[in-house]
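Asker: So the chains spell out like this:
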Amino acid sequence: MTISHKMLGYLRQDGRKGIRNYVAVCYLVECAHHVARAIANPFEERGVHLIGFGGCYPNAYAERMMRKLCTHPNVGAVLLVSLGCESFDRRGLEEAIRQSGRAVHSLVIQQTGGTRKTIDMGRQWIQTTLAMMEPFPTAPMRLHELVIGTVCGGSDTTSGITANPAIGLAFDLLIAQGATAIFEETGELIGCEHIMAERAVTHDLADELIATVGKAAKYYATLGHGSFALGNAEGGLTTQEEKSMGAYSKSGSSKICGILKPGDAAPTGGLYLLDMVPDGPVRFGFPNINDNAEIAELIACGSHMILFSTGRGSVVGSAISPVIKVCANPQTYHRMADDMDVNAGRILEDSATLAEVGREVFESVIATAQGKKTASESLGHQEFVLTYKYFEPLGPSCLPHA
Amino acid sequence: MEFSSSDARLLFVDPKDNVCTATRAIESGTPVQLSGHTVFISETVPFGFKIAACKIALDDKVVKYGVPIGSATRDIAIGEMVHVHNMKSDYLPTYTLDPRDRP
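Chain order of the listed sequences is A and B. Letter by letter, the first sequence follows residues 1 to 402 in my numbering. Letter by letter, the second sequence follows residues 1001 to 1103 in my numbering.
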């Protein structure tokens, strides 16, 4: 049976296409979170997603992340919810969204007259906007227009031998079609940086890749957090290199053509490493406080969807972009099947080969791009988190020329 | 040289690997097929642990994912479990933590 690869994307002014047409409701400080949630809640089934930044103090990274997320191809319209006295550059964000051709509206709780009035006004705006968005212009979308991110969470001894290499094979198939694929977790790549560097398209990029992992190692060591733990050896992993190769196998075997930082869009198709460890001295705590912080960064780089490898069994999804769960452990899969999209554990049960599961992951990417809901989407998962960080711009050797 | 096994209990991630992974616990004395030979597992190998697919000499690289993940600290026989008792990491950080960065 041949599976159709025909896709239709929601057309955006910048030429990019979305695989979803969501409305984002964004709180610009924690004080506006409840009001924003109350506005979005009744529309949960109709593709209205809640995102936001909780901090009151300004942060260039968070403002850039919000700008990239609000103008993400999967987002068709945005409602900003502000308390009124937070430091977030609301007008700048609103202007950037308007410039992108999207419907946008701001509600300032202190000006509209409090919680109840703001919720009413917000719901009215959403109602009108949803009606306006249908029908929405679409255009045929090709595989090379897709941007796919990958992350692992709740890993166990099976992750590195089933789900991760299967995602790597799916990445190879996608990249062969010209798609963009992004992997990350530089803190989990310690010990295989030289192997990774051999896959760089230029010598300068190879040096940058090694430096990126070095930065991560130093950052985590300063926080007193090593990568290889006793529990890893108890599960059968023997060395740092082995553990890192397990995580690294998600990247497949294509050439690495560049490094991105959170919010950077890839200028070409191909494989990219997302450097999510902050620059400069350690401040604001751990680089990413949980899996969803990493997912939000992959989405801010334009990822249409995320391939999430899990052994112990994560249940999360995400706001803005669908998450495909590739379950590494067959026992976990049978226990939590409702939350999973692909059972990579079949490799251990001898009912599928690595190549077959890799193909299945690839096909599930296409199906998701064609509109099929992933398990976490169907279950209503829309996790989102954004914290304080600091980044410097990319170095000159990090990106290929478009 | 490429190693392989038709045995579902043994998983090779890459054809260049000289170790494979036990996809379920394998009792001591169990015969398995490795690279065309019948080999008896010398000690009980838990699920997820590694088994030598060929003889690995002292200081030889242990290869998984098609790349070295460390080296043998003694001679390892085919069918023997490979773990912290007979291999070690080769990883030498190219950077060290600046003492001033310590918390």
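It is worth saying that the hints were derived from the structure and are not from the lab. Mixed in with the good hints there might be a few duds.
Restraint-style ranges between C-beta atoms, simulated for each label pair [to be verified]: (1) His5/A x Thr1073/B: 24 to 30 Å; (2) Asp1059/B x Cys56/A: 26 to 32 Å; (3) Phe286/A x Thr1044/B: 46 to 52 Å; (4) Thr353/A x Arg1074/B: 51 to 57 Å; (5) Ser1028/B x Ala233/A: 16 to 22 Å; (6) Pro400/A x Leu1092/B: 27 to 33 Å; (7) Pro400/A x Asp1090/B: 30 to 36 Å; (8) Pro400/A x Ser1035/B: 39 to 45 Å; (9) Gly1036/B x Glu363/A: 30 to 36 Å; (10) Arg1074/B x Pro267/A: 46 to 52 Å.
To give a feel for the contact side, a few chain B residues facing chain A, derived at Cβ under 7 Å [as the list claims (entries may be wrong)]: (11) Pro1015; (12) Ser1089; (13) Tyr1091.
By construction, the Cβ of each residue, glycine as well, lies at the ideal position given by its N, Cα and C atoms.
Asker: Would you mind marking each hint as holding or not holding in the structure?
Answerer: For each hint, the structure was consulted:
1. One distance hint, 24 to 30 Å for the beta-carbon pair His5/A and Thr1073/B, is violated here, with the actual separation near 50 Å.
2. For Asp1059/B paired with Cys56/A, a C-beta distance near 58 Å fails the hint of 26 to 32 Å.
3. Between Phe286/A and Thr1044/B the Cβ separation comes to about 39 Å, which falls outside the hinted range of 46 to 52 Å.
4. The hinted range of 51 to 57 Å is not satisfied by Thr353/A and Arg1074/B, whose Cβ atoms lie roughly 34 Å apart.
5. About 21 Å separates the C-beta atoms of Ser1028/B and Ala233/A, a value consistent with the hinted range of 16 to 22 Å.
6. For the hinted restraint 27 to 33 Å between Pro400/A and Leu1092/B, the CB-CB distance of approximately 30 Å keeps it satisfied.
7. At roughly 32 Å, the beta carbons of Pro400/A and Asp1090/B sit within the given window of 30 to 36 Å.
8. A hinted range of 39 to 45 Å for the beta carbons of Pro400/A and Ser1035/B is consistent with their spacing of about 41 Å.
9. Between Gly1036/B and Glu363/A, the C-beta spacing of about 35 Å keeps the proposed range 30 to 36 Å intact.
10. For the pair Arg1074/B and Pro267/A, the beta carbons lie near 50 Å from each other, so the given range of 46 to 52 Å is met.
11. Using the Cβ-Cβ criterion of 7 Å, the hint placing Pro1015/B at the interface with chain A is not satisfied: the shortest such distance is roughly 11 Å.
12. Residue-level restraint check for Ser1089/B holds (minimum Cβ-Cβ distance to chain A is 4 Å; threshold 7 Å).
13. Checking Tyr1091/B against chain A by beta carbon gives a least distance of about 4 Å; that is within 7 Å, so the hint holds.
Violated hints, in rising order: 1, 2, 3, 4, 11; the structure is consistent with all others.
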